[in-house]
Amino acid sequence: MSLDGIVIRALVHELQDCVGARISKIYQPTDNEIVLHIRGQGMQGRLLLSAHPSMPRLHWTEQTWDNPAEPPMFCMLLRKHCEGGIIESIRQDGLERIVWIDVRHRDELGDFTLKRLTLELMGRHSNLALVDPATGVIHDGIRHVTPALSSYRVVLPGARYIAPPSHDKRDPLTETEARFLHTMEESSGSEAQALVNAYTGFSPLAAREIVHRAGGEGLDKLWQAFREAMLDTARHQYVPNLVQTADGKTVFSAFKLTHVTGEERIFSTMHECLEIYYRDKAQRDLVKQRTSDLHRFLMNEKAKNEKKLVKLEETLEEAREADQFRRIGELLTAQLHLLSRGDVSVRITDYYDEDQPLIDVSLDPLLTPTENAQRYFRKYNKLKNSKAAVEEQMAAARGEIEYLESVLQGLETATPRDIEEIREELTEQGYIRERGGKRGVRKKKKDAPAVLCFTSSEGIDIYVGKNNTQNDYVTNRLGQPSDTWLHTKDIPGSHVLIRSVEFGEATLHEAATLAAYFSKARESGNVPVDYTRIRNVRKPNGAKPGYVIYEGQKTLYVTPDEALVQQLPSRVK
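Using this note's numbering, you'd call the opening residue of the sequence shown number 1 and step up by one each time.
No lab work stands behind these hints, which were simulated from the structure alone.
Don't take each hint at face value.
What the hints assert, rightly or not - Simulated pairs of lysine-lysine, DSS-like, Cα-Cα distance not exceeding 25 Å:
id, residue 1, residue 2
1, K256, K221
2, K221, K169
3, K249, K308
4, K520, K249
5, K304, K80
6, K311, K379
7, K308, K387
8, K573, K539
Computed from a prediction, not measured in an experiment: that's the story for all the values here.
Please construct the entire structure, taking both the sequences and the accompanying hints into account.
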């Protein structure tokens, strides 16, 4: 992982301005994250402490978090012992991925006590614990580690705090040349792996950078590259940067990456670098967690309708043979003299064919000749009537699939605040039941959902609906007859609205790019996007949310461009 001990050292160094500041509020928006609102010492902000198993991190955040109505027990404990407290120190354990935040706080008797927030940033083993530094006893942890999970240590209330094992790694900041050369000579495998195995704080990314700087010119050059990097780290001379490679992978580092080729961004602080890196990634992960049940349900419903469609196709194929049964019934009626009760088949002349061939027709031996002819007419009428019903059912199944795909697309681009709108929509449509104890009590519907609004390079507002509720609002309530409406052609996606009569090609192209980006074709190229005036768009009576029909459209072909989308100023209105 990119979040190594060197990056953490940079983060902790930048946090020294917090020493002496007060923790004014504490929230726990998710199972793994704590947000500290810090004020004082001429600064204020929200500090995120995350023990997420795949995205552990520590940085200032501008992200808006939706907090639960009932704060979790761990959050209540932190409020009791830390809210209103003064930050005494923020330290790192060597170059280990462990950060200690000591907080001085008054207890119930008014006496000052010291508590320690211990943040362990160690991948799936990450944790956040509140510890009494005087006794080493754990008050509680955001994640409990029981003896069944670890034989080395436990993280439970009342247990003694034991730091994660160091695996006998050495501190690279105090390494000597002789020991370094000996370590490299004795190691097996690659030089980069030897650095990771020998020293604390080294990620594979940092190790590969050191090896690259040495240029493969021997251990002396490797020592020089290692020593220069460690001197920069010791002096807090960092170059926070992100690099996005050609294959779409993004990495970050506290010092400049020379071995990674791609689009590079340099930041003034390590905190800003991590905020940008994790902003969308963390949000997508949170949405995925909160909508996993919805996604599974929608995929199952879609699969059911697709299976139903296959069976209906088979039934329709049979219905297409209806005319053949009518012809046989008419031929039997015309040649009844050839039939007798008890016959299992009869050979008759097919007068409908120019060559008038003889054909064999199966009969029911228990029926009279007339009854056998009538049996074929009944089959004809049954299939003829079923054909219309089957076609109607097929249209309904296709409509269901189209609707379910639109909801799934809404989940793909949803933010945490969009999730409840999608749940409410599915509840109103009868797909899921109201959660909690208020079933049957209809919620008061909001006047208008919050909609994402971009500003084009020409200063024109462009509204984007990110789910069916927002799409209905953008198209049916927000849009004026002369506004321009956009949507990907035959592809589930957002309704996009240009709120202006007059605009240039740049605005039209940017709006089309937004429509393509917020659609199922986000990863595709040359995506067709239809656009027309709002007056040409209408919602049929009884149609499901987000469904419209339109006419008079023109089509643009654009490629979704994430960089362009991020460059456009946006806000939620």
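Verification of the supplied hints:
The straight-line distance between the Cα atoms of K256 and K221 is roughly 18 Å, inside the 25 Å bound, and the hint therefore holds. For the hint pairing K221 with K169, the CA-to-CA distance comes to about 22 Å; that is within 25 Å, so the pair holds. Restraint check for K249 and K308: the C-alpha separation of about 40 Å exceeds 25 Å, so the hint is violated. For the hint linking K520 to K249, the alpha-carbon distance of about 21 Å falls within 25 Å, and the restraint holds.
Using a Cα cut-off of 25 Å, the hinted pair K304 and K80 is violated, with the two alpha carbons roughly 51 Å apart. Proposed proximity of K311 and K379 is supported: the alpha carbons are some 19 Å apart, at most 25 Å. Simply put, K308 and K387 have alpha-carbon atoms about 15 Å apart, close enough for the 25 Å limit, and the pair holds. Straight-line distance between C-alpha atoms of K573 and K539 comes to about 23 Å, which keeps the hinted pair within the 25 Å bound.
Of the hints listed earlier, those the structure fails to meet are numbers 3 and 5, in rising order.
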